Amino acid sequence: MVGGDVAAVEVRDVVVRYGDTTAVKGVSLSAQRGRVLALLGHNGAGKTSLLQVCEGFRRPDAGTARILGLDPVAEHDALMPRLGIMLQSGGVYPWAAAGEILRLFASFAANPLSVDMLLDRLGLRKVEKTRFRRLSGGEQQRLSLAVALVGRPELVFLDEPTAGMDTEARHTTWQLIEELRADGVSVLLTTHLLDEAERLADDVVIMRSGEVAATGTPAELTAAAGIDLLEVRADPGLDLVGLRARHEVTEKSPGEYSITGALDTRALADVLAWFATADAHVTAVSSRRRTLEDVYLSLTSQHSNTVGVAI
Amino acid sequence: MTSMSLSRGHVEILQFLRDRTSVIFTFLFPALLLLLFGTIFGDSYDQPGVSASQVYAASMLAYGILTTGFVTMGAGLALDREDGTLKRLRGTPLPIMSYLIGKLLLVLVLAVAEAALLILVGVLVYDMPLPDASHWLTFSWLFVLSVVACTLLGIAVSGIVKHARNAGAILNVPVVVLQFISGVFIHPITQLPSWLITVASFFPIKWMAQGFRYVFLPDGMKSLEAAGSWELGRTALVLGAWCVIGLVLCLTTFRWSERDR
Numbered sequence: 001m002v003g004g005d006v007a008a009v010e011v012r013d014v015v016v017r018y019g020d021t022t023a024v025k026g027v028s029l030s031a032q033r034g035r036v037l038a039l040l041g042h043n044g045a046g047k048t049s050l051l052q053v054c055e056g057f058r059r060p061d062a063g064t065a066r067i068l069g070l071d072p073v074a075e076h077d078a079l080m081p082r083l084g085i086m087l088q089s090g091g092v093y094p095w096a097a098a099g100e101i102l103r104l105f106a107s108f109a110a111n112p113l114s115v116d117m118l119l120d121r122l123g124l125r126k127v128e129k130t131r132f133r134r135l136s137g138g139e140q141q142r143l144s145l146a147v148a149l150v151g152r153p154e155l156v157f158l159d160e161p162t163a164g165m166d167t168e169a170r171h172t173t174w175q176l177i178e179e180l181r182a183d184g185v186s187v188l189l190t191t192h193l194l195d196e197a198e199r200l201a202d203d204v205v206i207m208r209s210g211e212v213a214a215t216g217t218p219a220e221l222t223a224a225a226g227i228d229l230l231e232v233r234a235d236p237g238l239d240l241v242g243l244r245a246r247h248e249v250t251e252k253s254p255g256e257y258s259i260t261g262a263l264d265t266r267a268l269a270d271v272l273a274w275f276a277t278a279d280a281h282v283t284a285v286s287s288r289r290r291t292l293e294d295v296y297l298s299l300t301s302q303h304s305n306t307v308g309v310a311i
Numbered sequence: 312m313t314s315m316s317l318s319r320g321h322v323e324i325l326q327f328l329r330d331r332t333s334v335i336f337t338f339l340f341p342a343l344l345l346l347l348f349g350t351i352f353g354d355s356y357d358q359p360g361v362s363a364s365q366v367y368a369a370s371m372l373a374y375g376i377l378t379t380g381f382v383t384m385g386a387g388l389a390l391d392r393e394d395g396t397l398k399r400l401r402g403t404p405l406p407i408m409s410y411l412i413g414k415l416l417l418v419l420v421l422a423v424a425e426a427a428l429l430i431l432v433g434v435l436v437y438d439m440p441l442p443d444a445s446h447w448l449t450f451s452w453l454f455v456l457s458v459v460a461c462t463l464l465g466i467a468v469s470g471i472v473k474h475a476r477n478a479g480a481i482l483n484v485p486v487v488v489l490q491f492i493s494g495v496f497i498h499p500i501t502q503l504p505s506w507l508i509t510v511a512s513f514f515p516i517k518w519m520a521q522g523f524r525y526v527f528l529p530d531g532m533k534s535l536e537a538a539g540s541w542e543l544g545r546t547a548l549v550l551g552a553w554c555v556i557g558l559v560l561c562l563t564t565f566r567w568s569e570r571d572r
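Sequence lines, in order, name chains A and B.
When we follow the numbering used here, the leftmost residue of the first sequence carries the number 1, and every step to the right adds one.
When we follow the numbering used here, the leftmost residue of the second sequence carries the number 312, and every step to the right adds one.
Errors might be hidden in some of the hints.
Derived, one-sided and incomplete: chain A residues facing chain B with beta-carbon distance under 8 Å [as the list claims (entries may be wrong)]:
| hint | residue |
| --- | --- |
| 1 | 81 |
| 2 | 95 |
| 3 | 99 |
| 4 | 100 |
| 5 | 104 |
| 6 | 108 |
| 7 | 109 |
| 8 | 130 |
| 9 | 132 |
| 10 | 174 |
| 11 | 238 |
| 12 | 239 |
| 13 | 241 |
| 14 | 268 |
Pulled from the structure, derived: some chain B residues nowhere near chain A, Cβ distances all over 10 Å [to be verified]:
| hint | residue |
| --- | --- |
| 15 | 314 |
| 16 | 325 |
| 17 | 350 |
| 18 | 437 |
| 19 | 447 |
| 20 | 451 |
| 21 | 459 |
| 22 | 510 |
| 23 | 514 |
| 24 | 534 |
| 25 | 535 |
| 26 | 556 |
| 27 | 567 |
For the record, the hints were derived by calculation from the structure and aren't laboratory data.
Just so you know, these numbers come straight off a predicted model, no measurement behind them.
Note that the Cβ used here is the ideal one computed from N, Cα and C, for glycine as well.
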């Protein structure tokens, strides 16, 4: 599906308030066509509120949102046939069977996917005739995903798509999302699962208390945070006083030194230079790059600063 | 849009039938009341061959439609709004009209079944004679106008229901009050103070009950009506006006979810 250069999602300075609390405090982000963007954050970080603005469920209190180039509230009717929306919960007829629900939503679409194919792919065939309220949490989630996909959307919004799913269902879901991307479908998903974001996302936006704390590809985010652990093997029992003044250093076991903290090139050079001045025999050096999880945890904890990486 | 409305109506009806408590309470209650009233107030009017039970059978049709249209619709919509069904549908290409038509189909099917049941009880238990063809014609337009007006008002009023679990209680207050002042439970209506009849005249239920009495009772019974005649023209006018008012209220007050007020 060719959308020209119109972004899948273009959000500018969006503010969402509920009474006195401000859930989203001026967020801007953009999601490119055919890519998967993961919105990461703790519960209450404003992910769902932001998603609701994108889905046209609520008007932002300030700022603008353009979805596939359209205003999600004013141009709702033109936009909806092109979107697939998976809500966190609720809103499915509890007394209707899984198959009936999916067929109902398929009937809303001009050119729906095969209901049978979706039931098979998502492992819902055996519960096709089971009423929604008797489905397990994971089955309800899978049905909800099927409902979002049945209309062949160009862009899907998935709010915590794998919450409550078992490992197998989670992997099926990931596979489906990767297939969607391969078909050129744009995906915006929220999650607080780091492995999910690391596996699926082309772009990551980390939100913290209603603000964007960081944006970038998983690689950029982890690279920007740099090396956070350096392990050096050298002579045991070196006097570390001089090095301790500038770095966090410990001798874990005799001759095994580990230096922690955000280590940029200058810091690395400084550490190795110190070993040189100490006339130590360095026999091994290894470094560990930070994972998305480290970045996420440091960003979403209270005292951290914003790491800015442009997409 | 038609097929969307039909598939929505299909699911609505399935939903209703599978939720057995609502089947019993909403659907059978008017018939139960009819049996109760018909048994308690069995005496005859001075019209030859007309029993109080037959009058109740006719008037109770208005109650059946009101409770089906107004309460089922109002409570159902409030529930759909609260549990997120409306919101989820909002996130699909389904136009609002198809959603409402789906609901209307449910009400229509229920109201037809309700009317059939009440007429059946009237005929079998209370020997209410079935009317001739011209009266059935009146019945048809009266029925359609009543269902549409009550349903639209049900949709409109669902917007002011804060919590779905209170919907039944809230919606039944106007329903029960109107039964008493509109000549459904108490007939002849002329037993009421005239100002109360005037109040009732502003609402559809008085006209619905009066119309159904015209359809099912001998012409002589019109002497017991407030105006001494059946006033069919005025009935059509008032019900038509309520359809318009209901539609305007629906379009102006409709909300997809609870919070976006």
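To see whether the hints hold, each was checked on the structure:
{"no.": "1", "hint": "81", "in the structure": "4 Å, holds"}
{"no.": "2", "hint": "95", "in the structure": "4 Å, holds"}
{"no.": "3", "hint": "99", "in the structure": "12 Å, violated"}
{"no.": "4", "hint": "100", "in the structure": "6 Å, holds"}
{"no.": "5", "hint": "104", "in the structure": "5 Å, holds"}
{"no.": "6", "hint": "108", "in the structure": "5 Å, holds"}
{"no.": "7", "hint": "109", "in the structure": "6 Å, holds"}
{"no.": "8", "hint": "130", "in the structure": "12 Å, violated"}
{"no.": "9", "hint": "132", "in the structure": "10 Å, violated"}
{"no.": "10", "hint": "174", "in the structure": "23 Å, violated"}
{"no.": "11", "hint": "238", "in the structure": "63 Å, violated"}
{"no.": "12", "hint": "239", "in the structure": "64 Å, violated"}
{"no.": "13", "hint": "241", "in the structure": "60 Å, violated"}
{"no.": "14", "hint": "268", "in the structure": "50 Å, violated"}
{"no.": "15", "hint": "314", "in the structure": "6 Å, violated"}
{"no.": "16", "hint": "325", "in the structure": "6 Å, violated"}
{"no.": "17", "hint": "350", "in the structure": "35 Å, holds"}
{"no.": "18", "hint": "437", "in the structure": "35 Å, holds"}
{"no.": "19", "hint": "447", "in the structure": "35 Å, holds"}
{"no.": "20", "hint": "451", "in the structure": "30 Å, holds"}
{"no.": "21", "hint": "459", "in the structure": "24 Å, holds"}
{"no.": "22", "hint": "510", "in the structure": "39 Å, holds"}
{"no.": "23", "hint": "514", "in the structure": "33 Å, holds"}
{"no.": "24", "hint": "534", "in the structure": "49 Å, holds"}
{"no.": "25", "hint": "535", "in the structure": "44 Å, holds"}
{"no.": "26", "hint": "556", "in the structure": "26 Å, holds"}
{"no.": "27", "hint": "567", "in the structure": "7 Å, violated"}
When held up to the earlier numbered hints, the structure conflicts with 3, 8, 9, 10, 11, 12, 13, 14, 15, 16 and 27 and fits the remainder.
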